[in-house]
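S.K.: Once you've looked at the hints, dock chains B and C against the given chain A.
Chains as they are written, first to last, in this note's numbering: chain A, 41 to 313; chain B, 56 to 362; chain C, 133 to 450.
FYI, nobody ran anything at the bench for these hints, they're computed from the structure. Heads up, a few of these hints could be off.
To be verified - In the PhoX-like style, the derived pairs of lysine-lysine whose C-alpha atoms are separated by at most 25 Å in a straight line are:
#	chain 1	residue 1	chain 2	residue 2
1	B	Lys244	A	Lys147
2	A	Lys147	B	Lys261
3	A	Lys147	A	Lys194
4	A	Lys153	B	Lys76
5	B	Lys118	A	Lys153
6	C	Lys185	C	Lys207
Claimed, not checked - Not everything, but these chain A residues come out facing chain B in the computed CB check (under 8 Å):
#	residue
7	Met107
8	Leu110
9	Glu112
10	Leu116
11	Arg119
12	Gly131
13	Arg139
14	Phe145
15	Lys147
16	Asn149
17	Pro152
18	Gly162
19	Asn166
20	Cys209
21	Ile216
Said to hold, decoys possible - Chain C residues, not near chain B, derived (Cβ > 10 Å throughout):
#	residue
22	Arg159
23	Lys207
24	Leu223
25	Leu226
26	Leu295
27	Gln301
28	Leu335
The structure presented is a predicted model; accordingly, all values stated were derived computationally and were not measured. The beta carbon of each residue, even a glycine, is placed where N, CA and C say it ideally should be.
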Amino acid sequence: MTSFTSLDHSTETSTDICMSLENVSISYGASEAVRGVYMQIPRGKVTAFIGPSGCGKSTVLRALNRMNDLIEGCTLKGRVLFDGHDLYARGVDPVEVRRRIGMVFQKPNPFPKSIYENIAFGARINGFRGDMDELVERSLRKAAIWDETKDKLKESGYALSGGQQQRLCIARAIAIEPEVILMDEPCSALDPISTLKIEEMMHELKKSYTIVIVTHNMQQAVRVSDMTGFFNVSTRADGEGKVGCLEEFAATEQIFNAPTQQATQDYVSGRFG
Amino acid sequence: MTSLQPNASLQSPDQGPFQRKALQFQPSLSRNRWNLFFTLLSAGFAGICVLPLFLVLAYVLFKGGSLISIQLLTQLPPAPGLEGGGIGNAILGTIIITLLASLIAIPVGVGGGIFLSEYSTSGPFAQFVRFGTNVLAGVPSIICGVFVYGLIVSTRVFAGQSYSALAGAIALAVLMLPTVIKTTDEALKLVPDELRWGALGVGASKFITITRITLPSAFSPIATGVVLAIARAAGETAPLIFTALFSPFWPEGLLNPIASMSVLIYNFAIMPYEAQISLAWAASFILVVMILAANLFARYLSRFAKA
Amino acid sequence: MTPFALADAFRLRRRSGSEKLVDQGFRQLTIVLASIVGLVLLGILLTVLSGSKEAIDAFGFKFLTTSSWDPVSEKYGAFTAIYGTIITSLLALLIAVPLGVGTAIFITENLIPLRVRQFLGLMVELLAAIPSVVLGLWAIFVMEPFLRPILEAVNQVFGWIPLFSTVPQGPGVAPAILILVVMILPIITAISRDSLMQVPPELRQAAYGIGTTRWGAILQVILPAAVSGITGGVMLALGRAMGETMAVTMIIGNSTNFSWSLLAPGNTISSMLANQFGEADGIQVSALMYAALILMILTLVVNVFAQWIVRRLSLKYS
Numbered sequence: 041m042t043s044f045t046s047l048d049h050s051t052e053t054s055t056d057i058c059m060s061l062e063n064v065s066i067s068y069g070a071s072e073a074v075r076g077v078y079m080q081i082p083r084g085k086v087t088a089f090i091g092p093s094g095c096g097k098s099t100v101l102r103a104l105n106r107m108n109d110l111i112e113g114c115t116l117k118g119r120v121l122f123d124g125h126d127l128y129a130r131g132v133d134p135v136e137v138r139r140r141i142g143m144v145f146q147k148p149n150p151f152p153k154s155i156y157e158n159i160a161f162g163a164r165i166n167g168f169r170g171d172m173d174e175l176v177e178r179s180l181r182k183a184a185i186w187d188e189t190k191d192k193l194k195e196s197g198y199a200l201s202g203g204q205q206q207r208l209c210i211a212r213a214i215a216i217e218p219e220v221i222l223m224d225e226p227c228s229a230l231d232p233i234s235t236l237k238i239e240e241m242m243h244e245l246k247k248s249y250t251i252v253i254v255t256h257n258m259q260q261a262v263r264v265s266d267m268t269g270f271f272n273v274s275t276r277a278d279g280e281g282k283v284g285c286l287e288e289f290a291a292t293e294q295i296f297n298a299p300t301q302q303a304t305q306d307y308v309s310g311r312f313g
Numbered sequence: 056m057t058s059l060q061p062n063a064s065l066q067s068p069d070q071g072p073f074q075r076k077a078l079q080f081q082p083s084l085s086r087n088r089w090n091l092f093f094t095l096l097s098a099g100f101a102g103i104c105v106l107p108l109f110l111v112l113a114y115v116l117f118k119g120g121s122l123i124s125i126q127l128l129t130q131l132p133p134a135p136g137l138e139g140g141g142i143g144n145a146i147l148g149t150i151i152i153t154l155l156a157s158l159i160a161i162p163v164g165v166g167g168g169i170f171l172s173e174y175s176t177s178g179p180f181a182q183f184v185r186f187g188t189n190v191l192a193g194v195p196s197i198i199c200g201v202f203v204y205g206l207i208v209s210t211r212v213f214a215g216q217s218y219s220a221l222a223g224a225i226a227l228a229v230l231m232l233p234t235v236i237k238t239t240d241e242a243l244k245l246v247p248d249e250l251r252w253g254a255l256g257v258g259a260s261k262f263i264t265i266t267r268i269t270l271p272s273a274f275s276p277i278a279t280g281v282v283l284a285i286a287r288a289a290g291e292t293a294p295l296i297f298t299a300l301f302s303p304f305w306p307e308g309l310l311n312p313i314a315s316m317s318v319l320i321y322n323f324a325i326m327p328y329e330a331q332i333s334l335a336w337a338a339s340f341i342l343v344v345m346i347l348a349a350n351l352f353a354r355y356l357s358r359f360a361k362a
Numbered sequence: 133m134t135p136f137a138l139a140d141a142f143r144l145r146r147r148s149g150s151e152k153l154v155d156q157g158f159r160q161l162t163i164v165l166a167s168i169v170g171l172v173l174l175g176i177l178l179t180v181l182s183g184s185k186e187a188i189d190a191f192g193f194k195f196l197t198t199s200s201w202d203p204v205s206e207k208y209g210a211f212t213a214i215y216g217t218i219i220t221s222l223l224a225l226l227i228a229v230p231l232g233v234g235t236a237i238f239i240t241e242n243l244i245p246l247r248v249r250q251f252l253g254l255m256v257e258l259l260a261a262i263p264s265v266v267l268g269l270w271a272i273f274v275m276e277p278f279l280r281p282i283l284e285a286v287n288q289v290f291g292w293i294p295l296f297s298t299v300p301q302g303p304g305v306a307p308a309i310l311i312l313v314v315m316i317l318p319i320i321t322a323i324s325r326d327s328l329m330q331v332p333p334e335l336r337q338a339a340y341g342i343g344t345t346r347w348g349a350i351l352q353v354i355l356p357a358a359v360s361g362i363t364g365g366v367m368l369a370l371g372r373a374m375g376e377t378m379a380v381t382m383i384i385g386n387s388t389n390f391s392w393s394l395l396a397p398g399n400t401i402s403s404m405l406a407n408q409f410g411e412a413d414g415i416q417v418s419a420l421m422y423a424a425l426i427l428m429i430l431t432l433v434v435n436v437f438a439q440w441i442v443r444r445l446s447l448k449y450s
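Chain A on its own, in the form it takes in the complex (with noise of 0.2 Å):
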């Protein structure tokens, strides 16, 4: 196992794969969430998680950055792979794979500060040097929220509505440039007009980063992704509960036009879920 601290220069064989998940099982306490995922996540793309309620798709989107730690009795088992590198490998630092690994949160989640502090905060604590107005300015319009804010800087991050809010933590996710941003159903909670200028921004972020999406909204990951993992439920083999896997993950065209499996058939056909 090389050391973390050559991450930035290592020279992966296969540069274009940016995460990967090898047979990674997630439980809560005894109860297992998710089985067995193997999955490999490309570079610049966005890649679409979907599913039924409960198959576990945000489980397995919060290992990635190691969000799950936060949640008491939450243990992974199998490895996820960054840049070759096993994120739960003994002494690797969930800040710091946070740091490189964004997130944008279900609910708009800005911090009770200005909407220049929600920005500036996530820059100072990565140690930011450089010019922090211009950093504020770019981050908001690679969100594309900067026509709607650039006057109203100071003012509280709650002032803006529910979409507004929910580009704002995406600025301020791009802020500490992240290599890839996770969101977890981020258009969820909003109208679809909002909804729309965040699937357009994410057009213009995948040529810098690499992102991960779960949604509920089937069109959506037709809209924007590029590849597509179809999480299913399945009852235990004891019968006692249900646990989640993936059942097919592939480019997005092929999920939704020629799957293989006859459950990813049924689910993007409306069939259920």
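M.R.: Just chains B and C now, with coordinates in the frame of chain A:
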């Protein structure tokens, strides 16, 4: 035919299994009389409940308020049998002891609350701390005094001094501690998890998340609880009577006995001199005004918590 | 590989050692601060236990049942104080529970406008904020003189009952009970009010739906649903009453002589501690510590029981 029966019984009230009456309200019905009786009874109880507050406040304001003067606030109490004098040393003493107790209890309590809410919510150690906090909250205040007497006063650990302002402050701090811990724990639990995730998601460490995001968000409920704890400590007497003791002089540093308003009231109330009893009422007035003001201030603070 | 030129601007991209140290240190600090609670509890227990050892060896369990308190012959028994503690808190509870629960019902029901109810609630909360020593002062100079003719009349009519057999001469157990009522009313009212408000509104609607009157619903449906919370509050109040010191010390008369009569001066464990601890020495200190130990055990049992009841309640509604 059976389906018609309910209708039939409505039309001819005497034949159904229930007695039907007109829909008009009839105050003479026994159920309505009982209703009125219980309403009046509960109103009477509420009146009795509030009555002591008004009586106590009225007497304290009337008997103590009339004595307030510059002299009262700035002079020392008179020797037994003499007239005049003031309670300046006791006012200053109460402020010093309460402040010192807050300086001890707030960091410890807020730190403990942070541990319970942010680091371990259900581990065995956290459960023990939570249980201990509840037990400590139920320990009678006089026992806090006995504890500090045994630990500090009788052993003379502080530079060979026995009774001291510091000992009194520690006893008050023990009393405040459970309130501050509980307040912090509960206030931090009200902060939505999304906010913590937001901070951790941009790569903040736990320390940064807590000190820059979580604690500031919970500031006003914590401040409310802390102000209430300080107000309660300021009026406490039992932990002070054999730790801080009393002193007829101005405070002489933290390692000597010190006067406080609450102990002054206790000592002077049972003296057979008019002048001392008047001073006890005056001290009550100042103490009650301070404590009620702190309570109203805490309510004002808690309003921010909801906004 | 970093696709953006600016990434170099993040000096701390790799967390510095000092930052990790602060992060770890802060966690350790909170653990230390949290454990102070345990240390204090342990300290209280050890102080009282070691302090009372001498008296426990000397008097044993006879301490609980004898009532001589004689510093001259150094014979100590705490029966008077234990009896005083239990009788004052139980009788205070007997009076305060109906008053407090009644008040709680009055301020949770919509009998009077919301503003008035909120004002009454605020008044009850402020009553809880008045220092015990101020209530004691008020009890000495206002309540007791007012009460004395009434208690004298009680003695004349009911003097044949041991509980009222002595002529009231000022401070005594009865005024102490009444001042305790004033002190625990706010606790009982506040917790009863919270428990009543937790009762799901559907229950009340169901009761009204089958044609009960307001008080029918309150007494037969709402109160029974809130009873475990109210019981928890009552137990907490009992714990508070047993440990309450200042107001009781100032009005109970501090007599170590045993009397069945409520009109005679008496003692509680806490008033005895407040009154004698400062001037005691030798085995008297140890005897007082022994009494303090008994008080701690009494309040601990009551409080743990109260917590158990309250926790069961919160499980029921979550």
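S.K.: Each hint should be assessed against the structure and marked as holding or not.
M.R.: Hints versus structure:
Taking the CA atoms of Lys244/B and Lys147/A, the gap is near 18 Å; set against the 25 Å cutoff, the hint holds. Of the supplied pair hints, the one linking Lys147/A and Lys261/B holds, its CA atoms being roughly 21 Å apart against a limit of 25 Å. Only pairs whose Cα atoms come within 25 Å are accepted, and Lys147/A paired with Lys194/A is accepted, the gap being roughly 22 Å. Note on Lys153/A and Lys76/B: the hinted pairing is violated, with a Cα-Cα distance of about 64 Å set against a maximum of 25 Å.
Taking the CA atoms of Lys118/B and Lys153/A, the gap is near 50 Å; set against the 25 Å cutoff, the hint is violated. At roughly 15 Å between alpha-carbon atoms, Lys185/C and Lys207/C fall within 25 Å of each other, so this suggested pair holds. A cut of 8 Å between beta carbons decides the hint on Met107/A: the least distance to chain B is about 6 Å, and the hint holds. For Leu110/A, the suggested interface contact is upheld, since its CB lies about 7 Å from the closest CB of chain B, less than 8 Å.
The interface hint given for Glu112/A holds, since its Cβ lies 6 Å from the closest Cβ of chain B, which is under the 8 Å cut-off. Annotation: Leu116/A was flagged as interfacial toward chain B, and the flag is violated, the nearest CB pair being 17 Å apart, outside 8 Å. Hint status for Arg119/A: violated, given a least beta-carbon distance of 22 Å to chain B, over 8 Å. For Gly131/A, the interface hint is violated, since its Cβ never comes within 8 Å of a Cβ in chain B; the closest pair sits about 16 Å apart.
Because the closest C-beta pair between Arg139/A and chain B is about 3 Å apart, less than 8 Å, the hint holds. The beta carbon of Phe145/A is positioned within 8 Å of a beta carbon in chain B (closest approach about 6 Å), and the interface hint is therefore held. With 8 Å as the threshold, the beta carbon of Lys147/A comes within range of chain B, its nearest partner Cβ sitting at about 5 Å, so the hint holds. At a threshold of 8 Å, the smallest CB-CB gap from Asn149/A to chain B is about 4 Å, leaving the interface hint in force.
For the restraint placing Pro152/A at the interface with chain B, the shortest Cβ-Cβ distance is roughly 6 Å, inside the 8 Å limit, so the hint holds. Residue-level restraint check for Gly162/A holds (minimum Cβ-Cβ distance to chain B is 3 Å; threshold 8 Å). For Asn166/A, the shortest C-beta to C-beta distance to chain B is roughly 6 Å, which falls under 8 Å, so the interface hint holds. This hint holds: Cys209/A has a C-beta 7 Å from the nearest C-beta of chain B, less than the 8 Å allowed.
Taken as an interface hint, Ile216/A checks out: its beta carbon lies about 5 Å from the nearest beta carbon of chain B, inside 8 Å. Not every CB of chain B is more than 10 Å from the CB of Arg159/C (nearest about 6 Å), against its label as outside the interface. Even its closest Cβ contact with chain B, about 22 Å, leaves Lys207/C beyond 10 Å, as expected for a residue assigned away from the interface. Separation of Leu223/C from chain B is adequate, the least Cβ-Cβ distance of about 16 Å exceeding the 10 Å criterion.
At roughly 14 Å, the least C-beta separation between Leu226/C and chain B is larger than 10 Å, which holds for a residue marked as non-interface. Every CB of chain B is more than 10 Å from the CB of Leu295/C (nearest about 23 Å), matching its label as outside the interface. Every CB of chain B is more than 10 Å from the CB of Gln301/C (nearest about 16 Å), matching its label as outside the interface. Distance check on Leu335/C: its Cβ is at least 18 Å (rounded) from any Cβ of chain B, clearing the 10 Å threshold; non-interface status holds.
Hints 4, 5, 10, 11, 12, 22 from the list above are not met by this structure, while the remaining hints are.
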